Amino acid sequence: MKQKARRLLVWCFCVLLAVGGGLSVDASAEADRADRSAQKKNEQVFDQAGLLSESEANRLFQSVERAERSTGWDLMLVSVKETNGIDSEAYAEEWADTHTTKEDGVIGLIDLENRELILSAFGEAIYYLTDERREEILDRAYYGAHTADYAQAFEAMAEGIEEAYLRGIPDDQYTYDEETGEIVKYQKKRQITRFELILALAAALLAGTAASSAVIGRYRLKWGGYQYSWRENGSVVLEHKEDTFLNQIITHRRIPRNTSKSSGGGKRSTVHTGAGGRKFSSSRRKF
Amino acid sequence: MAVISYKCPNCGGELVFNPAGGNYRCEYCSSSFSQEEFEAMEQSRRSDDTEKNSDATEAVVYHCPGCGAEIVTDGTTAASFCYYCHNPVVLSGRLTGEYRPDFVIPFAINRSQAEERFLAYVRKKKFIPRAFFCRSQIEKLSGVYFPYWVYECSLDGRMEAQGTNIRVWRSKDVEYTETKYYQICRDGRIEIENLSKNALQKVNQQLAQGVLPFPMEKKEPFQMGYLSGFFAEKRDIELESLQRQLRQEAKGYGRQLLQDTISGYSGVTVSSCDFKPVSENWTYVLLPVWTLTYRSKKGKFYYYSMNGQTGAVYGELPVDYKRVGLFGIGVALLVLLLFLTGGYLL
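Chains as they are written, first to last, in the working numbering: chain A, 1 to 287; chain B, 1001 to 1346.
Check before you lean on any hint, since a few could be wrong.
What the hints assert, rightly or not - Using C-beta positions, here's what the derived DEER-type ranges look like: (1) Leu1345(B) - Asp172(A): 35 to 43 Å; (2) Thr193(A) - Ser1263(B): 22 to 30 Å; (3) Gln1245(B) - Arg231(A): 14 to 22 Å; (4) Gln1043(B) - Arg231(A): 52 to 60 Å; (5) Asn1023(B) - Glu242(A): 54 to 62 Å.
What the hints assert, rightly or not - Within a straight-line C-alpha distance of at most 35 Å, the following computed DSBU-like cross-link-like pairs (lysine-lysine) qualify: (6) Lys286(A) - Lys1322(B); (7) Lys1197(B) - Lys241(A); (8) Lys1180(B) - Lys222(A); (9) Lys241(A) - Lys1180(B); (10) Lys222(A) - Lys81(A); (11) Lys1172(B) - Lys188(A); (12) Lys1300(B) - Lys1126(B); (13) Lys222(A) - Lys1202(B); (14) Lys1124(B) - Lys222(A); (15) Lys1219(B) - Lys1140(B); (16) Lys241(A) - Lys1300(B); (17) Lys279(A) - Lys189(A); (18) Lys1276(B) - Lys286(A); (19) Lys279(A) - Lys81(A); (20) Lys222(A) - Lys1125(B); (21) Lys185(A) - Lys1298(B); (22) Lys222(A) - Lys1126(B); (23) Lys1298(B) - Lys222(A); (24) Lys1251(B) - Lys222(A); (25) Lys1140(B) - Lys1218(B); (26) Lys1172(B) - Lys241(A); (27) Lys1202(B) - Lys1298(B); (28) Lys1322(B) - Lys1297(B); (29) Lys1126(B) - Lys1298(B); (30) Lys1251(B) - Lys1126(B); (31) Lys241(A) - Lys1276(B); (32) Lys222(A) - Lys1297(B); (33) Lys1251(B) - Lys1124(B); (34) Lys81(A) - Lys1300(B); (35) Lys1172(B) - Lys222(A); (36) Lys1276(B) - Lys1124(B); (37) Lys1276(B) - Lys1298(B).
Source of the hints: derived by calculation from the structure; they are not laboratory data. Because the structure is a prediction, the values reported are computed rather than measured. Here a beta-carbon is modelled for each residue, glycine too, at the ideal position from N, C-alpha and C.
Bound conformation, chain B alone (with noise of 0.2 Å):
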């Protein structure tokens, strides 16, 4: 399996993806590529690279093409760092063939705006404790390429229900009430957009879920040069094991979409609806996530997710019992005295 690392073609020296000016810098000269030339880069590399790599299987083991040195990675690493020369490696291998993402997001924020975020993120927070807020306390702060299945589908849907319309008038000491039935057919096509579960087992799901959506319009056709100067994983969540829930999912935003058609009652009961799948479209996308591990002053370990495009956070925050505490007796007080006051007056 191929181990790339992508090189200044003015020094030699590392190349990364930089999220602020979508381009890739060298760290070493300060040169920077569009993404033209780095392709163009690329294609030359390709041709140059006499290494035809057929092996599907899995090693764990690599050399780094920096310095020499053996990169441990696990089964779905697939863009990491040296630990010895920390220069960018891409481990291709795992990104070919099936395993290729049809789409990748580039990250549009970089790590010191990361840092930036989440500390302005956990400031507004009021019920946190104050100890909290501290930069130094952020452990470890690492760009990921996250892998993601996003479902697309349309669907043939047909509803059935019936509405009621009630109309009350009086009429001297009679008071009549008119309820008129009608049955209610909607017939349509139902697109349903950008639907993504994530597909990597050993992240923590309710993070990876977290962290949604991303602007799908900023995706591009995958290009390895992304991943460099970033952690990156293949997914090992496959097709089969989401097809089924997803289908489900998308059927059930489709009943919703068929009923939102339905106004002017004042009330509707569903009798049947059923889809008949038009088409569908499975891609495999890599979405730019920031993990960040933070360590409270007590030691105990915080582990939170930022969306690399829009730098959304999501994570469990610590709670400050006694922040809280107050905030609930002030609310009840504020309560009370309204309550009070009403009866009081009226």
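This is chain A alone, in the form it adopts within the complex (with noise of 0.2 Å):
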């Protein structure tokens, strides 16, 4: 009876520790299908070194978003602890390699082990980011990972790289190439946009109706006909004229300046090729 007793317990026991193994299996995968989430969510946003709080990071990611949808480039913003004596430039590129498929982007590094930030573009993203504007983000982000306030610094990239997409593309952008020296003229790519489709679909529908609208109203007379021609008709003979000055007024105000300098540092994007073999335009600033 006691065997049977102490039978009946281990099978119990068997049946609880299998069950709560189970369990903790079944517990470790939904927290791996929630890391994967977490992980698919923040796609733009790899905070290895985790500098980040959750609510940072989700506010990091809101401005990506925000910065990829108005740009149509992919965005990544990373943080690295140690990158085993990879160069920090190196390191941004090959990452951008293995981590988009696009075409066009720009990535964001804080580096700890160097030290430094890291802003290289790629693609399209090269003729809007001049090397000028590249310094101009990396100024602005320098204070934050100064600070240690790397949400700030990383917040700073997102912003300048969407700011740098709206003003377009400076006016005689050229790329120079640093290994063979060559310099590329920015040619404008030659496209009618959406904006400019429905606008000119609007005027051709305003142009049709007027034109039809102009016949119709002149044979059915709801306009034309006689005007008495006064010029013809009258004439008049001046007995007086007078122009009396009364006074004057001078008002006058500053003009803005241009704040984009027209330097060469302002259309040119200076670019060098990857190990990955595609091209970069990259800048560094220690912290």
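With the hints as a guide, bring the two chains together.
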């Protein structure tokens, strides 16, 4: 009887163990799924160094999403604790090569090992993020990085990238290949935007309607017809003509200066070929 | 009331005014008479005419001097044709006394020329149905002298205005705007001529005004003879009903003439403009108009008026909506193409 009870106890223990183990397996799978979901959700922000709180990561994620919608590029903000001896710029470019399939994009990196900020543009973004604009963005991100407010540094990068896109490609923009010394002037891509198409359709509709209405109106005598020509049939002989100066007012205003400098850096994007064969235009800043 | 039919001294046939030659022609023996010869005959006819017409009331039934048949007209008809023998008759009583026109501008375009000009006019129009170009569709073509009032006046006008001149320049990064203000004064004598208004109620006002302007330098002192061979109407719109409107119009044109003398300013704001009438002259003039009734193949009637001097045609035209639609689409496509090309290249 005692033996029977011992067997029942062992069996119950095993069952409990199995159920408990199963539950623990289920829980870890659930956690894995949640992690993957979170990872997927934050795929533009890779905080490997753990610099951001959850709320900061979420806020940053929204900023990046907005900038991506606006630009159509792939934006990646990455933090790293150790690069294992790899140069920060090379690390950022390699990351871009392995983590995006898009042609156009920007990667911003905070490298804690080298205490360096990297901003690398590739594809179309090279034309928008000229050397000078990249430096401007790093200027803005520097303060955050320097004061360990890394969320602010990333935020400044995301905002700066979107702002550069909205400013458009500078006039006379060119790329300078630092390896070959080749200078290529930017040829504006000839295309018709959706706005231009809508505008053209509206103008065409208006012109067509106006032309038809003009013909119908004229045939139906809605307009046109005789107008007395007062210039031909009238005359005036002036007996008194006086133009007296009364007063004058002079006002002035200061013309706002064009803040975009027209030096070579403003138009130039210096490029080099990354390890993956992709052209990058990169800037770095120590903090 | 006298009913006159001008007779040829050679054969007794009816004389009609010939717009092409500017003379009078007998349709039977083809004799022609100059204006001077016609006036001499008219003088002789008047001295022979014993009928003293003091009847100012309007009659609607006359007897044709050619065949004796009754001619029925409405209250404003001053020249017409006998319905039976087709002789031209002038109801002289309708255009005597206060109703005697001061001037007449004779027809310069005859019937066949009027037909040709009308057909040339409609052929030039690109958006009317093709079936519209047909001589046989011209139902009725009549040369009519329509009554008009012609207003001329002198006004003393005074205009006061404020003028501004704006100059903008830059010095370094400061933009300066200089605004100068001037007081402007203009005093002058304004002459307005040939302001014409239709003086017949029954006529379509739009058609009557549409054929204006007439070359007023071709006006002649009124002679009954000019009416022979045409229809003519006497006025039934009196001066009093038009005076206010025309005086107002004349002031409007005077204002534009005075404003036209102000130049050299970026902007002008008129503060006051006053006119004092100096003199005015109203003349009652008969003007030559070809009226044309055209029946489309679908049976709809269209009415046109043609200036009897210049040949200018005025009237509603039928619209070929298919063609107009295609035209609109063509214009739209062209504009679309231009905009897209511009958007692509710029």
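Going down the list of hints, with the structure as the test:
For the hinted restraint 35 to 43 Å between Leu1345(B) and Asp172(A), the CB-CB distance of approximately 18 Å leaves it violated. Checked against the given bound of 22 to 30 Å, the beta carbons of Thr193(A) and Ser1263(B), roughly 45 Å apart, lie outside it. For Gln1245(B) paired with Arg231(A), a C-beta distance near 21 Å keeps the hint of 14 to 22 Å intact. The given range of 52 to 60 Å is broken by Gln1043(B) and Arg231(A), whose C-beta atoms sit roughly 43 Å from each other.
Judged by the Cβ atoms, the range 54 to 62 Å given for Asn1023(B) and Glu242(A) holds: they are separated by roughly 56 Å. Taken as a hint, the Lys286(A) and Lys1322(B) pair is broken in the structure, with Cα atoms around 73 Å apart against an allowance of 35 Å. With a C-alpha separation of about 33 Å, the suggested pairing of Lys1197(B) with Lys241(A) holds against the 35 Å cut-off. Straight-line distance between C-alpha atoms of Lys1180(B) and Lys222(A) comes to about 43 Å, which puts the hinted pair past the 35 Å bound.
Between Lys241(A) and Lys1180(B) the CA atoms are separated by roughly 19 Å; this keeps the pair inside 35 Å, and the hint holds. Distance restraint check for Lys222(A) and Lys81(A): the Cα-Cα separation of roughly 80 Å exceeds the 35 Å cut-off, and the hinted pair is therefore not satisfied. Under the criterion of a C-alpha separation no larger than 35 Å, the hint pairing Lys1172(B) with Lys188(A) is consistent with the structure, at around 33 Å. Only pairs whose Cα atoms come within 35 Å are accepted, and Lys1300(B) paired with Lys1126(B) is accepted, the gap being roughly 20 Å.
The suggested pairing of Lys222(A) with Lys1202(B) holds, with an alpha-carbon distance near 21 Å, which does not exceed 35 Å. With a CA separation close to 20 Å, the supplied pair Lys1124(B) and Lys222(A) stays within the 35 Å bound. Of the supplied pair hints, the one linking Lys1219(B) and Lys1140(B) holds, its CA atoms being roughly 27 Å apart against a limit of 35 Å. About 58 Å separates the Cα atoms of Lys241(A) and Lys1300(B), which puts this hinted pair outside 35 Å; it is violated.
Proposed proximity of Lys279(A) and Lys189(A) is supported: the alpha carbons are some 19 Å apart, at most 35 Å. Taken as a hint, the Lys1276(B) and Lys286(A) pair is broken in the structure, with Cα atoms around 87 Å apart against an allowance of 35 Å. Annotation: proposed proximity of Lys279(A) to Lys81(A) holds, straight-line Cα distance about 26 Å (limit 35 Å). Restraint check for Lys222(A) and Lys1125(B): the C-alpha separation of about 17 Å stays at or below 35 Å, so the hint holds.
Our distance criterion of 35 Å between C-alpha atoms is broken by Lys185(A) and Lys1298(B), whose separation comes to about 68 Å. Restraint check for Lys222(A) and Lys1126(B): satisfied, since their Cα atoms lie roughly 18 Å apart, inside the 35 Å limit. Between Lys1298(B) and Lys222(A) the CA atoms are separated by roughly 23 Å; this keeps the pair inside 35 Å, and the hint holds. Between Lys1251(B) and Lys222(A) the alpha-carbon distance is near 26 Å, which keeps this suggested pair within the 35 Å criterion.
Annotation: proposed proximity of Lys1140(B) to Lys1218(B) holds, straight-line Cα distance about 27 Å (limit 35 Å). Proposed proximity of Lys1172(B) and Lys241(A) is contradicted: the alpha carbons are some 40 Å apart, above 35 Å. Straight-line distance between C-alpha atoms of Lys1202(B) and Lys1298(B) comes to about 27 Å, which keeps the hinted pair within the 35 Å bound. Straight-line distance between C-alpha atoms of Lys1322(B) and Lys1297(B) comes to about 17 Å, which keeps the hinted pair within the 35 Å bound.
Between the alpha carbons of Lys1126(B) and Lys1298(B) the distance comes to roughly 19 Å, so the proposed pair stays at or under 35 Å and holds. Distance check on the hinted pair: Lys1251(B) and Lys1126(B) sit about 40 Å apart at the alpha-carbon level, beyond 35 Å; violated. Distance check on the hinted pair: Lys241(A) and Lys1276(B) sit about 18 Å apart at the alpha-carbon level, within 35 Å; holds. Taking the CA atoms of Lys222(A) and Lys1297(B), the gap is near 24 Å; set against the 35 Å cutoff, the hint holds.
The straight-line distance between the Cα atoms of Lys1251(B) and Lys1124(B) is roughly 38 Å, outside the 35 Å bound, and the hint therefore fails. A distance of roughly 92 Å separates the Cα atoms of Lys81(A) and Lys1300(B); the hinted pair therefore is violated under the 35 Å criterion. Distance check on the hinted pair: Lys1172(B) and Lys222(A) sit about 55 Å apart at the alpha-carbon level, beyond 35 Å; violated. A hinted pair counts as satisfied when its Cα atoms are at most 35 Å apart, and Lys1276(B) with Lys1124(B) does not qualify at roughly 47 Å.
Of the supplied pair hints, the one linking Lys1276(B) and Lys1298(B) is violated, its CA atoms being roughly 55 Å apart against a limit of 35 Å.
In summary, the structure is inconsistent with hints 1, 2, 4, 6, 8, 10, 16, 18, 21, 26, 30, 33, 34, 35, 36 and 37 from the numbered list given earlier, while agreeing with the others.
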